[in-house]
Each structure stands twice: as structure tokens, then as C-alpha cells.
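Colleague: Here is how the chains run, residue by residue.
2 protein chains.
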Amino acid sequence: MRVETQRYTERFGSVRLNEVQKDLELDSGRAGAAHPLENIAVLKIVEEASKDFEEKMAIAIPIKNEKLKLFEGVISGIPHDCLIIVVSNSQTKRVDRFRMERDALNQYCNFTRRSALIIHQKDPVLAEALAKSGYASLLGEDGLVKDGKAEGMIVAILLASLIKKSYIGFIDADNYFPGSVWEYVKCYAAGFSLAKSPYSMVRILWHYKPKVSEGMFFRKLGRVSEVTNKHINSLISFNTGFETEIIRTANAGEHAMSLRLAELLPYATGYAVETQELVSIFEEFGGVLPLAQSTVAKRGVEIFQFETRNPHLHEDRGSTEHLENDMLLPSLSAIYHSPLCDKTIKENIIKELVSRGILKEKGKPLRPRQYKPPKEVDLKKFQEVMPENLTPYSALAED
Amino acid sequence: MRVETQRYTERFGSVRLNEVQKDLELDSGRAGAAHPLENIAVLKIVEEASKDFEEKMAIAIPIKNEKLKLFEGVISGIPHDCLIIVVSNSQTKRVDRFRMERDALNQYCNFTRRSALIIHQKDPVLAEALAKSGYASLLGEDGLVKDGKAEGMIVAILLASLIKKSYIGFIDADNYFPGSVWEYVKCYAAGFSLAKSPYSMVRILWHYKPKVSEGMFFRKLGRVSEVTNKHINSLISFNTGFETEIIRTANAGEHAMSLRLAELLPYATGYAVETQELVSIFEEFGGVLPLAQSTVAKRGVEIFQFETRNPHLHEDRGSTEHLENDMLLPSLSAIYHSPLCDKTIKENIIKELVSRGILKEKGKPLRPRQYKPPKEVDLKKFQEVMPENLTPYSALAED
Chain A
7 MRVETQRYTE RFGSVRLNEV QKDLELDSGR AGAAHPLENI AVLKIVEEAS KDFEEKMAIA
67 IPIKNEKLKL FEGVISGIPH DCLIIVVSNS QTKRVDRFRM ERDALNQYCN FTRRSALIIH
127 QKDPVLAEAL AKSGYASLLG EDGLVKDGKA EGMIVAILLA SLIKKSYIGF IDADNYFPGS
187 VWEYVKCYAA GFSLAKSPYS MVRILWHYKP KVSEGMFFRK LGRVSEVTNK HINSLISFNT
247 GFETEIIRTA NAGEHAMSLR LAELLPYATG YAVETQELVS IFEEFGGVLP LAQSTVAKRG
307 VEIFQFETRN PHLHEDRGST EHLENDMLLP SLSAIYHSPL CDKTIKENII KELVSRGILK
367 EKGKPLRPRQ YKPPKEVDLK KFQEVMPENL TPYSALAED
Chain B
7 MRVETQRYTE RFGSVRLNEV QKDLELDSGR AGAAHPLENI AVLKIVEEAS KDFEEKMAIA
67 IPIKNEKLKL FEGVISGIPH DCLIIVVSNS QTKRVDRFRM ERDALNQYCN FTRRSALIIH
127 QKDPVLAEAL AKSGYASLLG EDGLVKDGKA EGMIVAILLA SLIKKSYIGF IDADNYFPGS
187 VWEYVKCYAA GFSLAKSPYS MVRILWHYKP KVSEGMFFRK LGRVSEVTNK HINSLISFNT
247 GFETEIIRTA NAGEHAMSLR LAELLPYATG YAVETQELVS IFEEFGGVLP LAQSTVAKRG
307 VEIFQFETRN PHLHEDRGST EHLENDMLLP SLSAIYHSPL CDKTIKENII KELVSRGILK
367 EKGKPLRPRQ YKPPKEVDLK KFQEVMPENL TPYSALAED
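Keeping their order, the protein sequence lines are chains A and B. To convert, take the position in the first sequence, counting from 1, and add 6; that gives my numbering. To convert, take the position in the second sequence, counting from 1, and add 6; that gives my numbering.
Hints should not be assumed to be uniformly reliable.
Same chains, same names: a pair is fine if it fits in one copy or spans any two.
Heads up, simulated DSS-like pairs for lysine-lysine below, C-alpha to C-alpha not over 27 Å straight-line [said to hold, decoys possible]:
no., residue 1, residue 2
1, Lys-70, Lys-170
2, Lys-28, Lys-73
3, Lys-28, Lys-57
4, Lys-386, Lys-99
Don't read these hints as lab results, they were simulated from the structure.
Let the sequences and hints guide you as you build the complete structure.
Modeller: Here you go:
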């Protein structure tokens, strides 16, 4: 592929925030000597370089009762050399949707000879392994992993660590276009190939997100993202003293991290998770609060944002109200409760939420629940309980 | 990519008609030894093999006053190693849309260092070259190339011949998803890599064609295609004596040919063009009528049909009625007027058209206008008039 070079990089302590880079060309052709007149504003990332990273990458797909057709499409778009990790929280009673997902994945992997793991979020062995390794906070009263996409993401990170991958990327299961999924992974690989630090993150900005319900209108940004971006940029501006608009992916569900970074971060529950990742990075490596990990701070954390060529077309779920309440409140709460957040930003956040009727006058957003970083888990103990090589969770495992 | 192997091939004289092959995996990973347990029902087509064909392929984009954003997206999806040929019939008066297309293409090619040609359908030099080479039938009363997509396609075939490409693929300019465009070209390359004859054709069947206007409904086939397929299959059945459903792409706008085949075929005007290609192949190489080209008949003509992974989402133009009148009538006329078409099929076609109100009781579909095969043009004379290497038509040409 060909992408824009990083035209501008802002710094926040040891965090390097790269401006959005556009994907220019999905397929940049054969490797080989660079064109003598190659534009300095453009980077050519050859397939072979991309594949070096795909081989080391796990793609996590959290899924919950999604249409099978969509799930199959998403899987067909993930480059072959990536390991697929499906963490399913689909129903198993009456209609066993988890079973259907497993069968579809099995059939697909059989035909295409590829590797995939699939695990149910409520798997009892998983729960036992988490309890023994010191991650009991992830478990509910029934002793099994709690519901929620964030919880599924943490499970995927642990499995990817266990199986010794170096990168993990997240992709939602409700995407209509396999070609978009393919592009997300190419962007992830492109970002990691540009990173100079082993602690790196790639976040996706959609070229357009068409709204299907009203005919076909190509929005640049979702409303929620726009608002979250504004407030997280205020957070940076306040702490650096320079106004900025650098963050344009505060709610990016499609994102990827080096596992070394993923293991360091605490994770918020629910829709706060993606925003919280950024907030946590700023808190720990922004240099304002005491540095938690001095070795990491030395190497720095790098954040890339890629704008895709493909529009993002996914299942439309319910009304604006649902979206705003469910997504905006936790996203802004993550910012609100950061020690980096000053009084003015807090006031603005409350004004925003009240004006939208999400919060009552004189209310306060609740602090999103947080899970400690995977790094603090005893991975050895986790491994002892989980079956060797995770064989029973392989999509090709026999019943 | 990974595609299904050809599970079944029907023969109609020296024409080999392959059943639809599904695209299974967009990106099949690194080249290298085949998996020891590779499924015999599946073919892995490695990137390098695909690129061998992309290098020899021109991708023709006929365009007429299309939204620039869509045009830019389509171009960004075409693999770098293909030569882009844009044949534009956009307006040049008042708002010069052709100029805008040229500027957009120029900017894009500048950034991505790729080759593209762009020519206006009403270019006077082109018209002169056509007149001198014996293709005056393509010209209207004003001495310039007639309006129409088919006419643009013929121009693209001639330019591709001139510039010594071996394959030509067609892609519409109104596609919403660059990732789909990319997949079409990969399917073209996959088909050509499987072909044993130098006379080969690849036609695209969309996995789904979502109808946006009514929310989001994933249709398998358009109504027009369904009807055209039925009647063209009857045409085959009648002549071979075995009932068949082999053709599922009778109206495929997205299709590609080896230039050796493309040069042999006569072309119909308007929406009949894609159906006529099949009908002409059956007439000339089906062995029922006298064989026109005995050397070709010996090598045989191969037709591949690929079902994409991506759905096809394009600009929605007007009502069903428009579609049926504009597309169905000429498509079925191409079948109706073939010497291969017997009385019963003719009656069925008329019944079909009358029942849909497209044709009046006791009416008869008009024979679509046909242009002679490009092979019968004096390419030397064409070349003499056209500027050397088509330099002025390069997207990177200076004004």
C-alpha cells in the first residue's frame, strides 16, 4: 500500500502522537527499487514488509450474537498470515449460536488452511485460569468472565501473549465489507512497520461512515467521536500548553497495539475502553504525573492514526439516543476522571452531557470501572491452567 | 487470494464455460510451499502470480459525469501494476468535468507514481484515427465518437492494444468501495492465471448487491441479471441438448478479457454489450454455426465466473422501471436476434418483455446496433494518427 508520510508529530511527554495519515493506494504493486521520483510525502509499504508484521499479529474479533454472514465476511478479509482469535459471548442455550460460529470458523479454516482460536467468554477453564493468575476482578459473581467487549479484549490480549504474538489488532464482527477489514489489517501492519518504539499503537479513522438509514450520506466522523476528540484534545492542550486537534480517533474500535504496550495498560469497561487507552497512555507516559514505567518512557510510546480508503459500513444499531448515552457518557467519563483533567475541562464535559440530556443538572459522570494491566497477571499460572498450545480452542479442533 | 477450484466445466463447441468460483480469502498470505493438507477444492493464488498478470493488464474505466469522490476511490483500489485507462464522456462545457477528472487523476498519479491514460470520448484526434483506420461506424454525424459506454469500451480496447497490453478489464466508476475494485482485479488476474487458452474471459458475480434505498437488504442477484441469465442459459440448452444453469453473469459490467479475445468480438451498443459478448462467443465458437476463426476454435475460448467476497455497492440510479427498460430490453434483444436462438426461446423472450410491459403485444425487440470486431481495424493506421506512446493522454502530461 501507499500511505502519507507522517507530516507532523506532536509530543506529550514521551508519547509521540502522529497526525492522521491517509491510505492512498490499496495495492502498491511489486516490491523493488523505489521510483526515482517517489514523492517524499508518500511511503510505499511493500507486501513483504507488511507480511512480516502480519505473521506476528493476532487479530481479535469480539463477537456477540452477530449475524453469521457478517462474521464469515469479516474473517475472509483478514490476511492469512494473521492468527485469528475469536472471543465469543454469544448465547449457548436454546439456539447455540456459539456452536454455529465455531462450525463456520472450522469450515472456513479447513478450506483455507489457516489458524484460528475460538473461545467462549464464559469458558470455565478460562475463568479458573484467570482466578489462579490473579485476575479475579474480571470474573462475575458466577465465577465466570463478566459480560462486555472490554473483558473479551483483555482475554484476547492474554491469549495472544500466551501464544507469543507481538501485536494484537481488534476488529468488530459486524462489518459489511471484507475489503475494509483487509485494509484495517494493512494499516495496522503499516503503522508497526513505521514505529521506532516497541510500544506502539495504530488507530483507524474511517474515510467515510455512510449512514444507510437516510439513503446514503457519507459522514466524515460519527457525532460521538467528534465530541470525544474535542475533549481529549483539550486534555492534551491543557497539559502541554499548546492547543491541538491531533487526536481524531478517540473512539476507534478498530485499533491495534504491540503486545508490550497492550500488557502495560489498564482497561476500562464498556464503551470507555478505547478512550481510556489513550487517557492511560497520557497519564503514564505524558510526563505530568510520576512516570510509572521509566524504561518504557525512555523508548517512548508511538501512536499512529490511519485514514482508510474504504468507507466503514456496519450494522446500524438503534437510535442516536442509544448511541449517545451508551457511548458518549463512558468515553467522556474516562477523560473526566483522569488526574490530568483540570476544572475547566471537567466543567465543559458536564456542560456537554447536560446539554445533551445525558446527565442531570448538577450530576457527575460515574468513574468507569477499570481492570488492572495484563502485565500484573501471573501469566505462568494462567498458562498452567490453560490447555497446552490452546489446542482445544483451535478452530480445527475435533469435538 | 484463495478461490474455489473449477468444480465443473460445461462445453459449448470449443467454448469452456466454468461454473461460478467463489473467492474464499482475500489475502492468502506469503507464497511458499502449498500446505501439505491443502484442500483439493481450493486454489491458492499467490500475490506474485497475480502481479504477473496485473503488469500485463489495462483497467478501463468508462466515466460520464460521475461524482469525483467515487472516481478517486475506484482508482485507489486498482492495483498499482495495472495501467489505468479512463475513457471519459463527461461534460466539458460550462463546468468542465473532464478537466476535473484529469486533474484528480494527475494528482493521484503524481503521488503514487503510477501510470494512467485519460482520453475524452469526443477527442478529435481519436476520431480522426478511427476514421482513417476503418472504424468510421463508431463515429456520429459530428465526426466524433458516439455517446455510450460500449463505444468507450471499444476505444479502451484499441488503446490497450496500441500500448501492447495482453489483458483488459472493465470497472465502473460509480463504485463506493475501493476494496471491491481491488478484489475485481484480483479475480481477473486469478482467472487469467487459470486459463489454458489465450482466448479467455473473466466475469464477476457479486456476492451480494445491497439495496440501500430500503434500509439494507442483501440481494444475491439483480432482477435484470436473473432474467437475462435464464434466457441465455436456454440458448445454450437448446443448442447443446442439455439443460443448464451455468451462466450467472450475463449482465456483468465488471469483466475482463485477454486482448486476443477482445479484438475478435463484435460489440453491441448500450446495455446489450455484456450479454452480446457471450452471444457472439457462442455464435463464433459454439460449433453450431460455421466457425469463423478456426485457429481460435482449436485453442478454445475459456470463460470464468468469480463470485466476490465483497458486496457490490454502487450509486443507485432511479427506479426499477428505468432499469428494466434500459437494461433488460437490449440484453434480451441480443439473445433474440442471435441465429442460435430458436422459435421457442424467441417466444419466451417476447412473453417476458410483454408481461413486464416493456414491449407491446405483438411487438418485436429491435436488433441492437453492432460494431465490427477491433481486429478488422487497421491498427497501424490508427497508430499513425494517434500521438506516439499516447504521451499527451498520460495522466502526468503537462498542459
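Colleague: Look at each hint and say if it fits the structure.
Modeller: Here is what the structure says about each hint:
no.: 1; hint: Lys-70 / Lys-170; verdict: within (26 Å within a copy, 52 Å between copies)
no.: 2; hint: Lys-28 / Lys-73; verdict: between (31 Å within a copy, 20 Å between copies)
no.: 3; hint: Lys-28 / Lys-57; verdict: both (20 Å within a copy, 24 Å between copies)
no.: 4; hint: Lys-386 / Lys-99; verdict: neither (33 Å within a copy, 73 Å between copies)
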